[in-house]
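Peer 1: Chain order of the listed sequences is A and B. Numbered by the working numbering, the letters in the first sequence go through residues 1 to 161 in order. Numbered by the working numbering, the letters in the second sequence go through residues 1001 to 1543 in order.
Simulated from the structure, these hints should not be mistaken for lab results. One should not assume that every hint holds.
[What the hints assert, rightly or not] Here are some chain B residues pointing at chain A (derived, C-beta under 10 Å): (1) 1506; (2) 1512; (3) 1535.
Glycine included, every Cβ here is placed at the ideal spot set by N, Cα and C.
Now for the letters of each chain:
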Amino acid sequence: MQALLQRRITAFAILAGCLLPVGNSAQAQSPAPSDAVLYIIYPHDGQRIRGSFPVRFGLRNMGVTHAGDTTPNTGHHHLLIDVQEDIDPGEPLPTDRQHLHFGAGQTETRLELPPGRHTLQLVLGDAEHKPFKPMLTSKKVTITILPPRIRKAPQTSRAER
Amino acid sequence: MPGESTSHVAGSQRRLAAILAADIAGYSRLMGNDEEGTLVRLKRHRREIVEPTLQEHYGRLVKTTGDGFLAMFDSPLEAVRCAIVIQQSMAARNTSLPPDQWIRYRIGVNLGDVIVDPDDVYGEGVNIAARLENLADPGGVLISGGVYEQIKNKLVCGYQSMGDEKLKNITDPVRIYRVLPDPASVARAARHHWIWVSSGAAALLILGGVGWSIMKPEPSVGGRQVSMAERPAAGPPGAMPAEPSQTDSSSAGGGSTAASLPGMPPTPPASGSALPIPIQPIPPSAGPGSKTPPSVVAAIPPPAKPGETSSGSTFRDCQGCPELVRIAGGSFRMGSDEDSSEKPLRLVQVAAFAIGRYPVTVAEWNQCVAAKACADVARGDNDDPVRNLSWLDAQQYAGWLAQSTGIPYRLPSEAEWEYAARAGSSSRYWWGEKMAPKMANCKGCGDPYDTHAPLKVGSLSPNPFGLADVSGGVAQWVADCWHPTYQGAPTDGSAWAEPNCREHVLRGGSWRNDASYARSASRSHYDTGVRYPAHGLRIARSL
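Here chain A stands alone, though its shape is the one from the complex (with noise of 0.2 Å):
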């Protein structure tokens, strides 16, 4: 309840402080500490992958918690793939087929992407998906998905089309 106050108190005081008007989404940014790292631990810069993979997401001197949760220095995950437009820092990231949300604090996932070149970043959202401030976004990591490979086998027949 304390954090909440807190969160509020801040929120007002930047808002008055910038005489922005209250609109319906005009709601300062969660301070973030300037030693916070977020990073993708797995796949590695330039990977080359075959298959459906595993992304694993890493965040040091901050906490991962549940999206609502409004405890200082928390935040949840926000994977963007092939992402190319800058992140507004004061809206929610969005959600769509390009911006997943683990919103009930996942650190990690599985992914399945068509053959070819992808880019995978992370984005620290707060209780209301907002990245913080400082923004904190991963490395962009750029992997290879392989076409599925092919091989006829013995003792076994496959239909085509």
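Given the structure of chain A, go ahead and fit chain B onto it with the hints provided.
Peer 2: Chain B only, in chain A's frame:
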């Protein structure tokens, strides 16, 4: 009923048919562990998976035995497709359970000359199917050489030859093939044959790949659970609407609804031990040119003309209740070919129902807040759509409304939502194939548009059924649990529910998504217990 449209019931006659025999592996062990529970689940699977899948594939259920069933098909291709769909659906159901509670079918399919009675079939053709079933691994499908010859060039699957086998009490040896739904697994199966033999679980988990997630994020084992801690409202709730509804018992009702709802499930699906391998989706009816039995075609209503049917008339059950649109029942082609999540395209029947003309508004939501049955999360003006809701929030509102009015309000099923949103159309959007100005509230879809918030409800043109805001605005929670494809989905318009469902379905896309998400068939999903500012709801009820 498509199965009954084939006329093989007159007297005892011989005919060529594909026979599918199935039974449950370890049935007596399951019954020994938990007799009543197993029976309940068995019956549910029969009702929700076996019977609809048979029907989809134009099969006829000949009879059920204690732990299995016998079905016949005109087409061996349909029979094998049906077997695969049943196995994949069962695998998906099992993933949330401990292995000792798994119900797994063994299935055999044979093509043969059989004697057909009104309520049974006889002959060596049936016996061979039964023997194949006996030899199959739990979760596996074996077919005879005759079936293989018919389907090998038509069904893209892996087929692994098991050689000729002398079956008990069958004169000639029978060539047997194992069906591997994923062609890529052929090589694997051949290289690691022992895996298949020694562990049916591996096969099952691979099959489960389709039923479970391909693209879906899977939570880590260490993922924390969502508590339903309330969040502070961002601003003062909008002015209360004029008439607070009659809600004496409402808070208790709403509370109990919430309490009985499953939160985040404690057991994640077994994900560490096996990789979800992509499986070629096998649509039960391949493409638009595929056959449809005449009896079903006749059930499709003529293109919707709201003036002629009762569809489109609006009403309100109480003052302050959301305005509803009456939707006449019918059937429609649900889904599309544009995204894997929207396949396979299939015919779905929907009974008459009523659905909100608009998404639930802030004013409507705040009545529930005032009754202390809903969380105080609404921001914005009275006629803004309520948003920042989790599925549990949406469910709570429906429960409160039902409790306080005595009318069976609920979330719409995904099928009902799409049926109402399409309003008789089969195009990408209800107005046609292309995005048009002043039709949808989405990113890049034209003015009016505000990047920070959705438009007020009813700002854009309603569809022919009278529903507004089905394209963009707030994405709307529906009753269904998220499944990555429609493989195995019900076709009777009911919601596809799962116990302890981790993610539910949202329809319509939001104002923050682009035009492709505003299509009638577009589906998205989100964690059941997590709120997001672009997520709202539309209410429904049966008539």
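Peer 1: Please flag the earlier hints that this structure goes against, numbers listed from lowest up.
Peer 2: none
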